[in-house]
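> Plus 71 on top of the position in the sequence shown (first one is 1) and you've got the numbering used here.
If you're looking for bench data, these hints aren't it; they were derived computationally from the structure. For clarity, every value in this text was computed on a predicted model and none was experimentally measured. Hints are supplied without guarantee of correctness; some may be wrong.
To be verified - Derived DEER-like restraints, expressed as beta-carbon distance ranges: (1) 76 x 125: 26 to 36 Å; (2) 103 x 141: 33 to 43 Å; (3) 113 x 90: 28 to 38 Å; (4) 126 x 80: 49 to 59 Å; (5) 113 x 78: 41 to 51 Å; (6) 132 x 111: 45 to 55 Å; (7) 113 x 76: 51 to 61 Å.
Idealized CB from N, CA, C, for every residue including glycine.
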Amino acid sequence: MNPAEKIKDWTRNTRQFYFDVRSEMKKVSWPGRPEVVGTTVVVIVSVFFFGLYLGLVDYVLAMGLDRVLRYFRVTGGA
Numbered sequence: 072m073n074p075a076e077k078i079k080d081w082t083r084n085t086r087q088f089y090f091d092v093r094s095e096m097k098k099v100s101w102p103g104r105p106e107v108v109g110t111t112v113v114v115i116v117s118v119f120f121f122g123l124y125l126g127l128v129d130y131v132l133a134m135g136l137d138r139v140l141r142y143f144r145v146t147g148g149a
């Protein structure tokens, strides 16, 4: 295949690709504004909750590790 045919094929394929994309996008069932707002609120609340939860777990584990290290530092081990 010569370069001119390759360019024609590329142009034809690109045009067909965009036609197909446009056709498929018309078939998509897009959510309404209330659904988008509702799911956004759920995501924000979930992120906040899990952030607090993981922060609390991290704090508790850090305090526990600190106590263990202090115990071994003071007593010199078991």
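> Tell me the hint numbers this structure goes against, listed in increasing order.
Per hint list: 1, 2 and 6 violated.
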